[in-house]
Each structure stands twice: as structure tokens, then as C-alpha cells.
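**Student:** Place chain B on chain A using the hints.
Each chain, written out:
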Amino acid sequence: MNEILKILETDCRLSPEEIAAMTGRTPKEVKELIADLEEKGIIRRYKAVIDWEKTGDERIFALIDVKVSPERGVGFDAIAEQIYRYPEVHTVYLVSGLHDLRVVVEGKSMKEVAFFVAEKLATVDRVQSTSTHFLLKRYKEDGVFFDIPESDKRLAIVP
Amino acid sequence: MHISSKIKSVPPSGIRKFFDIVSQMKDVVSLGVGEPDFVTPWRIREACIYSLGKGYTTYTSNYGLLELRRLIAADIEKTYGVEYNPENQLLITVGASEAIMLVMHAILEPGDEVIIPEPCFVAYKPCVIFAGGNPVTVCTDHTSGFLPAPEEIEAAVTPRTRAIFLSYPNNPTGAVMPKETLQAIVDIAVKHNLYIISDDIYDKLIYGETHTCIPSLPGAYQRTVYVNGFSKAYAMTGWRIGFAAANPELLEAMMKVHQYMVMCAPIMAQMAAIEAMKNGEQDMQDMVRQYNHRRGLIVKSLNNMGLECTTPKGAFYAFPSIKSTGLSSEEFAEKLLLEEKVAVVPGNSFGDCGEGYVRCAYATSIQNIQIAMERMSRFVKKISS
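Which chain is which? The protein sequence lines are A and B, in order. For the first sequence, the positions run 1 to 159 when my numbering is used. For the second sequence, the positions run 1 to 385 when my numbering is used.
By construction, these hints were calculated from the structure, which means they are not laboratory data. As the structure is a prediction and not an experimental result, all values here were calculated from the model. Each residue gets a CB set at the ideal place from its N, CA and C atoms; glycine is no exception. A portion of the hints provided could be inaccurate.
From the derived model, a few chain B residues whose C-beta atoms are all more than 12 Å from chain A [stated by the list, open to error]:
id: 1; residue: Lys8
id: 2; residue: Ser9
id: 3; residue: Ser23
id: 4; residue: Tyr59
id: 5; residue: Leu66
id: 6; residue: Thr79
id: 7; residue: Asn85
id: 8; residue: Pro86
id: 9; residue: His105
id: 10; residue: His192
id: 11; residue: Asn193
id: 12; residue: Val257
id: 13; residue: Gln259
id: 14; residue: Arg359
Subject to a maximum C-alpha distance of 20 Å in a straight line, what follows is the list of computed DMTMM-like cross-link-like pairs (lysine to aspartate or glutamate) [claimed, not checked]:
id: 15; chain 1: A; residue 1: Lys40; chain 2: A; residue 2: Glu3
id: 16; chain 1: A; residue 1: Lys6; chain 2: B; residue 2: Asp283
id: 17; chain 1: A; residue 1: Lys6; chain 2: B; residue 2: Glu281
id: 18; chain 1: A; residue 1: Lys108; chain 2: A; residue 2: Asp51
id: 19; chain 1: B; residue 1: Lys300; chain 2: A; residue 2: Glu17
id: 20; chain 1: B; residue 1: Lys300; chain 2: A; residue 2: Glu3
id: 21; chain 1: A; residue 1: Lys28; chain 2: A; residue 2: Glu3
id: 22; chain 1: B; residue 1: Lys26; chain 2: A; residue 2: Glu9
id: 23; chain 1: A; residue 1: Lys111; chain 2: A; residue 2: Asp65
id: 24; chain 1: A; residue 1: Lys140; chain 2: B; residue 2: Asp283
id: 25; chain 1: A; residue 1: Lys6; chain 2: B; residue 2: Asp286
id: 26; chain 1: A; residue 1: Lys153; chain 2: B; residue 2: Asp37
id: 27; chain 1: A; residue 1: Lys140; chain 2: A; residue 2: Glu150
id: 28; chain 1: A; residue 1: Lys153; chain 2: B; residue 2: Glu35
id: 29; chain 1: A; residue 1: Lys153; chain 2: B; residue 2: Glu46
id: 30; chain 1: A; residue 1: Lys153; chain 2: B; residue 2: Asp20
id: 31; chain 1: B; residue 1: Lys341; chain 2: A; residue 2: Asp152
id: 32; chain 1: A; residue 1: Lys153; chain 2: B; residue 2: Asp27
id: 33; chain 1: B; residue 1: Lys300; chain 2: A; residue 2: Glu29
id: 34; chain 1: B; residue 1: Lys323; chain 2: B; residue 2: Glu355
id: 35; chain 1: B; residue 1: Lys26; chain 2: A; residue 2: Glu150
id: 36; chain 1: A; residue 1: Lys140; chain 2: B; residue 2: Glu46
Next up, chain A with everything else stripped away, as it sits in the complex:
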């Protein structure tokens, strides 16, 4: 099962027939396993890793460290939910260290992101402070190099 997940994590466009050949199972087994993984919510979604910068469609991302006071009974979960329900919020992690939540916010301009942080995020009840870091360049994301595609340097025929 983990084998299939690892394969899908690298390339989710492979067909059940191909995954079956790769793992020594039947296509039917693979289909059933994947359906089960989807149903259990282990596979959350299928997506592409995109270098938006190359499309000319500029998207601004900011990493925002948020310090909050946790709430009795629910800890950080309730406040995290209050934050992640905003569509502008791309990712939310609970982290150890000086801050509590790391929030990734997406917007069309720096101004838009900054206003979102000032007006929405910073004013959420129990948020003590925010610290915004605008993302300037992606070098690697989800295991993919963005900067230098590694080319095949081998000779075409080698014994």
C-alpha cells in the first residue's frame, strides 16, 4: 500500500495498469487499493507542481509566523481553523519554536497580502503577533528543483 502511495506521490498520472506492472499486482487490485486510500482520506487530492513564475502570472506568497494564545479545551485547533478557512490562506502548520503557527498566504500583489494580514489575520481573536516574510524565490518545492532542471549527461550508448 505504501509502495503505491510513494509511486503516486511522484507521479499521480500513472495508470492502474502501469502501477500494477510496477508493483507486481493486478490492475484490479491496484484500482481497489487506490479507491480505498481515497475513501479513507489517505490520498487527499491529486495535483500538479507548477512553476507559476514561468507563466508570467504573478502570484505573491508570504510566510507568516503567528503567535497565538491557545484556547482551553481545543488548544490551537480552533484558532488554526479560523485562519485556514480563509481562501487566501494556502497552508497552515502548527510549529514548535518562537511562534505557534506558520501560515502561507497567497495574493495577487504584496499590497493585497499585506492588507489581508493586517486586517484579517492580525485581528483574529487570540492572535498576539504576526511576522510576515514575502517569498522571493522558489528553489525547491515538494522535492522538485525549480532553478536548475538536471539534464541527462550520460552518453547515449554505454556497454
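**Tutor:** Leaving out everything else, chain B in the frame of chain A:
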């Protein structure tokens, strides 16, 4: 101009011609590459850069860095339970290729014979010839899983036989020899007092089987030269680091040739190999896992298109029969390349009995395998109709 008859007796590599055609073509998907498509894991490259920065640019001991020899000896003992003294039983060489050449020089008298099952890696026979010996080949085909029967090996023994050369997992067939067969061959070597040379360069690339290390078999240790290297397991082909392990007397003889031929393997590559030994296990296992997936895909696709292909148990090669197409290996490979831009290596490059097969290396991405299989299937359909 005089060229040694020994050198002249070795025909030029059959692969060369293909290489020349391929290098002038665009958009070729190559299944012809006998090396990992992975770049050497970063931690290994970084260790080399660091050592260069620190100024490690000197000769090493002729035997190689003691730390590297210790790590290798510990790994062989841990993996296979075979003990070699790193002080005098291990020699770091410039690739496993050098180790093979050294053995031949160390053991052969002019005219001595070395028994080599075929198909096999292209360098074995020339190494024997360059050292003054005569290679004696034993043919195998897919009906026996490309494994010679021990009786066939014994039938090739003559009073001039000096050694039996074995290489499993095998390039180009991917065959892995079962322990019982290996033991039977070791018994033949004992009976006729022969050396065994075992090229284990693909030992880590094995799928669902356990590799048998020949010197671990009863009767084998004293007479076996164990050859291995970092190229395939750690994707370190260009670094040229291999090694040989043998009894101290034979290793000393090999070292004598080595010290006057190359002095020592490059220190920066040895430094990288130390990192591979210390911390490369996870990277290696990740690569093996991916080769295994590709293997499943390529073997299935080849059989689906009507090219009979036994499942290779090791290395990263599929060796399908193309006899059903009525073409020779070279015709098949050349037409496939020119018409569908897929490069494979004709089987006869690996010995006469490789005729009727082609070698497809699956050391390439799943995407490349998919494209290559699609094109190849179209090609097979076209020539069969």
C-alpha cells in the same frame, strides 16, 4: 605501423557504430545506457567537494585509503559474513574494470584459459586476451534463464584452464545464479584447482532474491577474487572506484600490477566513496526501489508487444528475445533507432549467443520507458505485419 597482434585480435566494439548513429540524432529515447540515470547522491558529491576544499589532492597508499578499505571490509562482513583483512586483502582500483584486468595479469600464463559464460559484459574477453590468455565461452539462452549448467562449465575445462569467470546479477541478461548452482561450480573449481573471479558489481541491485557472495561458499574463499565497486549501487560510474578482495598472496600480486599501472585510485573519488559507505545506504535503497518499479513496467510491456522476455532478477537490464521478428539483433536495433528513435543495444555485442536478443536498460525514468515502449510496440507491429 606495428600494432600488437594481441590487440589486433580483439575486434572493435560493436556498440561503437550505434553510438555514432545515435549521437547524430535528436529526440532519441535511449535504453542503451549501462549506467544509472540517477546523478550521484548529493551527500556523496558534497563530501568530495569538501575534501577538495580541505586540500586532499595527493596520492594515497597503493592499496587505497585505509578508512575506505575498513568500511568496505566491514560492509562485506556484515552483508555476507565474509571476512577480509583491510590491511592486506583489499585493493581499491580505478573502477571494477581495472580490478578485472589486474586479476588476469596476476594469474595468467600465456595460453591459459578462462571460462566465461555468455552473454556477458563486453570487457571480460578482451581483459583475458590482453593478459595473454584465451577466453573460453559457454553459451546460454533464455530457456535456461541465461544460466550455464555446472556440467557445461566442467565440459569446458581443459588442462590449460586457470579460472572461471562469473558475474551475477548479470549484464546484459539480469540473471541471478542460485546458490546451489554456484556451489556446484565452486566444487568444479576445487576439483580442477581453478580460480574463480566473481564480478559482483550489481550485487546491490537485486529484486526479491538474496545475492550469494561466492567467497562465502565452502571451498571458495581461498580461490576466489571478489570484485565489486561503487558505480552501479551508488550511481558513481564516473568516479571510477572499484575494489578487489582476495587472499593476501594473490592480492599482493594484483597490487604489484596496480602500483606500476595507476599508482592509486584518485583520492577525491575515494573520499566520496567513504561517504557512500558511511551514509549512502538510504539513497541506494531508494534507487533500487525505483529500478524495481521500472523493471516490472518494462518486462510487462515487452512481453505484451510479443517480445519474449524473462524477468531479470537483478541489475537494470531487460534482455528480450527478438527472434519472432525475423530480424537479427543488429538489424532490429538499427531499424528501431532509425524508424522510431529508440536506442537499444544488439545482444550480439555481449557474445555470439546474444544474437536474437537486444538489451534494454531500464536505468531511465518511467516516462522515458513509457515513450520507448510505445514506440517499440509500434515498431514490432509494423515489422510483423
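**Student:** Of all the hints numbered above, which does this structure not satisfy? Sort the numbers upward.
**Tutor:** Of the numbered hints given earlier, those the structure breaks are 3, 14 and 22, listed in rising order.
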